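Trainee: Given chain C's structure and the hints, the job is docking chain B onto it.
This is what each chain is made of:
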Amino acid sequence: MSYQDYSCQICSQQEIAPNIIACCLENAHLAKNAKPGQFLHIQCGDPASMPLRRPISICDVNGDELTIIYEVKGRGTKALREQTGKVQVLGPLGNGFLVDNSLYKRPAVIGGGIGTYPLYLLTKQLTNASVYLGFRNQSVVTLEQEFCQVAEKVTITTDDGSYGVSGFAITQLEEDHKKEVFDIVYACGPKPMLRAVQAFAEKTGVPCQLSLEERMGCGIGACLTCNCETHEEGSAHYKHVCKNGPVFWSQEVVL
Amino acid sequence: MDMKINIAGVELDNPIIAASGTYGFGHEYNEFYDISEIGAISVKGLTKSPRAGNPPPRITETIGGILNSVGLQNPGVDAFIKEEIPFLRKHRCKIIANMAGNTFEDYCEMAEKLSAADVDMLEMNISCPNVKAGGAAFGTNPDTVLAITKAVRTYAKKPLIVKLSPNVADITETAKAAEAGGADALSLINTLTGMAIDINTRRPILANVVGGLSGPCVKPVALRMVYQVHQAVKLPIIGMGGISNGDDAVEFLLAGSTAISVGTANFTDPYACLKIRDGIKTYMEKHQIKTVRELTGGLIVESK
Chain C
1490 MSYQDYSCQI CSQQEIAPNI IACCLENAHL AKNAKPGQFL HIQCGDPASM
1540 PLRRPISICD VNGDELTIIY EVKGRGTKAL REQTGKVQVL GPLGNGFLVD
1590 NSLYKRPAVI GGGIGTYPLY LLTKQLTNAS VYLGFRNQSV VTLEQEFCQV
1640 AEKVTITTDD GSYGVSGFAI TQLEEDHKKE VFDIVYACGP KPMLRAVQAF
1690 AEKTGVPCQL SLEERMGCGI GACLTCNCET HEEGSAHYKH VCKNGPVFWS
1740 QEVVL
Chain B
418 MDMKINIAGV ELDNPIIAAS GTYGFGHEYN EFYDISEIGA ISVKGLTKSP
468 RAGNPPPRIT ETIGGILNSV GLQNPGVDAF IKEEIPFLRK HRCKIIANMA
518 GNTFEDYCEM AEKLSAADVD MLEMNISCPN VKAGGAAFGT NPDTVLAITK
568 AVRTYAKKPL IVKLSPNVAD ITETAKAAEA GGADALSLIN TLTGMAIDIN
618 TRRPILANVV GGLSGPCVKP VALRMVYQVH QAVKLPIIGM GGISNGDDAV
668 EFLLAGSTAI SVGTANFTDP YACLKIRDGI KTYMEKHQIK TVRELTGGLI
718 VESK
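Keeping their order, the protein sequence lines are chains C and B. Quick note on the working numbering: the first sequence kicks off at 1490 and runs consecutively. Quick note on the working numbering: the second sequence kicks off at 418 and runs consecutively.
Since the hints were derived computationally from the structure, they do not count as laboratory data. A quick note: this is a predicted structure, and the numbers were derived from the prediction, not measured. Backbone N, C-alpha and C define an ideal beta-carbon position, used for all residues, glycine too. Zero decoy hints are in this set.
Ranges of calculated distance between the beta carbons of each label pair, as one might list FRET restraints:
1) C:Gln1498 <-> B:Ala496: 40 to 46 angstroms
2) C:Glu1571 <-> B:Ala624: 28 to 34 angstroms
3) B:Val627 <-> C:Gly1563: 19 to 25 angstroms
Simulated coverage check for chain B against chain C, where a stretch passes if three residues somewhere in it have a Cβ under 8 angstroms from a Cβ of chain C:
4) 429-443
5) 459-473
6) 482-491
7) 677-686
Just chain C, with the same shape it has in the complex (with noise of 0.2 angstroms):
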């Protein structure tokens, strides 16, 4: 019996940007196990309602405690936010990033959006990242002073230029890997972004970790909803982003 389905303890709710609020659960089983990419199936509000859980991924853990951050934007989300006590939780569901600091020495780590948040544990286990967060603008910039803790080096960058620099984060990660030459590459964010991701990654060679999201059922492989599409033929032409992801490598999976 390797899942289970656990009663958490909400700690707090904290608003760290308009409607992106960052939740703190307390379990010690599922703060022992996370990985960094992996993701918790959260019961929002009334299931008689709402019967689907929300997946949303884990961004950093302490002791016991778990943190999660999530944007307002649905039914689901604006249930969580409104909720105090215990929230019915399964995971930590998924494959994770791949953290192996004797075999890569040059990490890059790029996000974008909500998508910054799964990066931040990967981050505090990697020894030498450097880390590209891309926002919508100056507002939602969040966490730069966690990850400049924990990470060799981080750019932020804005699409209108109101804080860091102006464009794109993979701009700045594919100017910089001319100089530092990274040897993988992880990505979290919002699909034109993971293209471009992965289209660096294929030009260069270098091996790249893409974190995907998508509608999810049952979160643990057994609804076939959440699929993402890969170069196999025939049924295994889809994978599923609760079981064999959310984390894929670049070749895996067509975006």
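Mentor: Positioned in the frame of chain C, the structure of chain B alone reads:
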């Protein structure tokens, strides 16, 4: 307390069946509890050849329900027989092989293969709303239901369940047709066809545009159909549609179900099947009912 039930000569330890498409081949839920604890598993819908299924997104939520359009992604009937039956057979739960096809021949060929394999029952899905190959075209016309049930009956050497579509004007007509064609049992309901739109992009949320609606919101419709079918035919009924707790399950039993299937509730709570089983027991204790079989069709309708 006696929870055993019998469908067409096959005895189940309890009336809980995991609904096809929500439970895979049992591996994942076996990581939460021993799947021997439930009566039977209706496995993910099988097709003659492996199928990739529909592109994403395949699922979305609505109030009290979900819409899915998986499109029968499955490894094919041969891979199921070779790779999945040995695992399932290690457990006490009965195996129901769910079949979906494009043509009469597809169903007949699968029924023949699966009859020779180590499964307990066959379930003919002629009601998948998400693909042409799901048989929905067969499942909505009583004449075709009669013809395909007759055809498959000659190849099916195991009890044959026909899974009915709710997307019809009168479900008793297709139920009677399946009975006349030689079905041993009926399962109902499959999902109701629905859709959802993203108003910001003006696009359907599901890549398949439409999908099958399930979950608590369909329960009254499903219950009404089970009740009507129970009046119309003599066959045992596997009732399903939004069952989330023991009380829901008891309603389906009283309406005429011999067994009940749990689908969407597995996503909400991975222990749903066990909690529903225990919920039925609680009800039986409270009302001093000794065998679960007594509940089937126990609805009292006062005549005016």
